[in-house]
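Undergrad: Counting in the working numbering, the sequence shown runs from 84 upward without gaps.
Hints were generated in silico from the structure; no laboratory data involved.
Please note that a few of the clues may not be correct.
The calculated label-pair distances, taken between Cβ atoms and stated as ranges, are [unchecked claim]:
#	residue 1	residue 2	range
1	R111	S205	31 to 37 angstroms
2	V120	L141	52 to 58 angstroms
3	S226	E158	26 to 32 angstroms
4	T162	P196	23 to 29 angstroms
5	S205	A138	55 to 61 angstroms
Think of the CB as a built atom: it goes at the ideal place given N, C-alpha and C, for glycine as much as any other residue.
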Amino acid sequence: MNSSPLLYSHWLMQVRGDAQAVLRKWQRLAGVQAQDVRFTHLSEVHEQSDRVIKASSLEAIPGQDGRYRQHLQCEKILTRIHVQSVDFLIMHAACDWTRLRAEVLEMAARIAPQWQLSLHGSDSISAHTGQTDNWQRLSHVHSLCWTLQRDQRYSRSTPP
Numbered sequence: 084m085n086s087s088p089l090l091y092s093h094w095l096m097q098v099r100g101d102a103q104a105v106l107r108k109w110q111r112l113a114g115v116q117a118q119d120v121r122f123t124h125l126s127e128v129h130e131q132s133d134r135v136i137k138a139s140s141l142e143a144i145p146g147q148d149g150r151y152r153q154h155l156q157c158e159k160i161l162t163r164i165h166v167q168s169v170d171f172l173i174m175h176a177a178c179d180w181t182r183l184r185a186e187v188l189e190m191a192a193r194i195a196p197q198w199q200l201s202l203h204g205s206d207s208i209s210a211h212t213g214q215t216d217n218w219q220r221l222s223h224v225h226s227l228c229w230t231l232q233r234d235q236r237y238s239r240s241t242p243p
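Could you put the whole structure together from the sequences, leaning on the hints where they help?
TA: Shown next as structure tokens:
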């Protein structure tokens, strides 16, 4: 009988759209089941996009060889987006710190190809993708990060 304490990693993602669908997709990619899932509403954010409506032909600038001018008419679109936070724990089979780190890093590699890792001494690691992903064409993950602490003291968002 193994009396080792259960070890967890803490994950947090901010999602636009259907957060439950994104979590299901995340679980399939990771090959694990999320535990103690907390969905909290963050806020509405504004996403801006630009597009050129009309562009004039290039005009040579008098007296400046090789320089040209072009007049552009642009349209800016502001879209209001509802962003939701998903906070959850993942239980790991590893029973010591070295194996736990290796297991979490291997799982993270299945989820996203690139992570920005931060080491906080020898007892804590955190990472984030630093990019926006589109999973299932349903929802956008604005950010995804995880934390691994030897003392297992994770700062969790409060459930709604």
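Undergrad: Does each hint fit the structure? Answer for all of them.
TA: Results for each hint:
1. R111 to S205: 31 to 37 angstroms: holds (33 angstroms)
2. V120 to L141: 52 to 58 angstroms: For L141 against V120, whose Cβ atoms are near 55 angstroms apart, the range 52 to 58 angstroms holds.
3. S226 to E158: 26 to 32 angstroms: holds (28 angstroms)
4. T162 to P196: 23 to 29 angstroms: 28 angstroms Cβ-Cβ, so the 23 to 29 angstroms window holds.
5. S205 to A138: 55 to 61 angstroms: Between S205 and A138, where Cβ atoms are some 56 angstroms apart, the hint holds.
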